[in-house]
Amino acid sequence: MKKMTKGRYGIHGGQYLPETLMNAVLDLERTYEKYKNDPDFLQELQTLYHDYANRPSLLYYAEKITKDLGGAKIYLKREDLNHTGSHKINNVLGQCLLAKKMGKTRVIAETGAGQHGVATATIAALMGMECVVYMGKEDTERQALNVFRMELLGAKVVPVTSGTMTLKDAVNEALRVWTARVLDTFYVMGSVMGPHPYPEMVRDFQKVIGKEVKAQILEKEGKLPDVVMACVGGGSNAMGLFYDFIPDKNVRLVGVEAAGRGVNTAETAATIARGSEGIFHGMKSYFLQNSDGQIAPVYSISAGLDYPGIGPEHAYLHDIGRAEYVPATDVEAVEAFDYLSKMEGIIPAIESAHALAYAMKLAPTMAKDKIIVVNLSGRGDKDVAAIARYKGVDLHE
Amino acid sequence: MNKIAEVFAKGKKVFIPFITAGDPSLEKTEEMIYAMEKAGAGIIEIGIPFSDPVAEGPVIQAADFRALQAGCTTDKIFAMLKRVRKNTQVPLVFLTYINPIFTYGCTKFFNNCQECQISGVIIPDVPFEEKEEVLKYCWQYGVDLISLIAPTSEQRIKMIAKEAMGYIYVVSSLGVTGVRTTITTDIGAIVEQIRQVTKVPIAVGFGISTTEQAIKMSRLSDGVIVGSAIVKIVAENDENCVEAVADYVKTMVTAVASCR
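Note that the protein sequences, when read in sequence, are chains A and B. For the first sequence, this note's numbering begins at 1 and goes up steadily by one. For the second sequence, this note's numbering begins at 1 and goes up steadily by one.
Bear in mind the hints are in silico, worked out from the structure with no lab data behind them. The reader is advised that the hints may include incorrect statements.
Said to hold, decoys possible - Under the rule of at most 20 Å between Cα atoms (straight-line distance), these lysine to aspartate or glutamate pairs were calculated in the DMTMM-like manner: (1) A:LYS214 <-> A:ASP226; (2) B:LYS82 <-> A:ASP292; (3) B:LYS108 <-> A:ASP248; (4) B:LYS158 <-> A:ASP244; (5) A:LYS6 <-> B:GLU132; (6) A:LYS220 <-> A:GLU200; (7) A:LYS6 <-> A:ASP27; (8) A:LYS104 <-> A:GLU44; (9) B:LYS131 <-> A:GLU277; (10) B:LYS76 <-> A:ASP292; (11) B:LYS108 <-> A:ASP244; (12) A:LYS101 <-> A:GLU44.
Computed from a predicted structure; not experimentally measured.
Whenever a hint applies, use it, and build me the whole structure from the sequences.
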């Protein structure tokens, strides 16, 4: 049996990085090990979660859609109500606090939909750090509002023109510039991906979601949910929701991938459905790729799920059968986006709408005493213009 | 003694050019290998193009993109190198990323390397900690795993050098590959630390394009690696790249060979 290195989830994970970055991630790993159970650090983070980010987020019983769908009770975990409008701030607060402890004065981040970029720009402003966000050029166009938002917050946004000009290329570029300025720069990675310790660290900063859900549902229903569900790109909001429920074997963990125009088309981002084992962006996991190991161009209406890989812990949960991963198409996601907006008066992020799309399929097949918790990972304000374009509506501001 | 060791054992400083396979075409890659050998290249590094080369600057990124667009595949590269081996025994070293090797299949990849007498592989995204991923195949098929040492390696230098095979690739600068006007890293100090623990030869790469830089770096080491500057010549001359590259390599070989 081959010796397995640190940060493994079964065979997945690892630390596959250029030598230039190794001391930086090892330094980060040591710092994280030092602080992850440090009561002062955790208290500082808790205070920021509470006073700045608006935690705990609400767990809302969506009664109208529950009745309309006619099956299991649907609860929405309202991560969209966090400051900056998504779950991303949970992770960014944690990483930026660490960056400060490490004496770094400058943070960089990749972003797809812009949610992670906005969160990073926000916390950099709060903590007085320089911030540069790398974003695929295509995404800067799809999410123009978020680009301006980041600039308002004092960040510099660099459009990435290499490759497919989407999220994976933004990660490539952030890794490249990190290599050039590794000494003063902290790379705030946005998901449970990349080299160790990122997948573990980001999950730990996001696991507050599942912890809160557990306490909230026990208070409201006196029992655990039957299903918890979240969308998966890299997988940070899903991992955050799942983690505390992993030991509760009767709770089904469902990750919903972006199928784009369908899992049987080339225009998809459904990694578990269509990917194979590979090693990329610092980790061993599943990737959409060809038989030569060339990473596939991926597609989804959602810039945040438009990524050809998945975090290594998800790959492991899939391997051991603890979590299920299912696809939802663009069409289904847009339907869910419309449905939640009109039925509950909540406009979800198009990413989160993928999770809701599957809940809409699953709930009617379940008994009325069953419970589904859907993570509403972000709000949909950023998507309004893109959805208008999708529907052929011409908007002028 | 393997081919890499033989080249360095001659006692002269070694010039190591890099080209991306399949840019502008595999036919031109083959011709360039012959021409660079004739021009005095001691070892030739061949890049297997990757869709997402995170250690490369814009010049080699563009070359990888062109090669893949032109239909270059790993199988076609091996087929080309089988032809090459009928004509030359110049030591060849692959540079590629772990995913193209892993997904192609390590056994198949390294077996093909042996058949094409590939002396070594450089895998920028496999650091010391993860080399188990390929090491047993390297041993089984007689391919050296070339280690990289960076300006940020510090306390890792000796650990890496102690287990180094073939030659050690000292990365001259922070950042990705690409031409630089100045190199500020104290290469001499890194080389000195390496020499304390190993006799494995040392070649310096990243950012080198001029004869002055090449002379300076080869005085401090056993050889010089040049990639982006050559790939740029390929891009500028396209179908007529062979002669232009050969001329450049000849100039660099002469400069490097003048050093003691």
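Hints and how they fare:
| no. | hint | result |
| --- | --- | --- |
| 1 | A:LYS214 <-> A:ASP226 | holds, 12 Å |
| 2 | B:LYS82 <-> A:ASP292 | holds, 19 Å |
| 3 | B:LYS108 <-> A:ASP248 | violated, 43 Å |
| 4 | B:LYS158 <-> A:ASP244 | violated, 42 Å |
| 5 | A:LYS6 <-> B:GLU132 | holds, 13 Å |
| 6 | A:LYS220 <-> A:GLU200 | violated, 30 Å |
| 7 | A:LYS6 <-> A:ASP27 | holds, 14 Å |
| 8 | A:LYS104 <-> A:GLU44 | holds, 18 Å |
| 9 | B:LYS131 <-> A:GLU277 | holds, 18 Å |
| 10 | B:LYS76 <-> A:ASP292 | holds, 11 Å |
| 11 | B:LYS108 <-> A:ASP244 | violated, 42 Å |
| 12 | A:LYS101 <-> A:GLU44 | holds, 12 Å |
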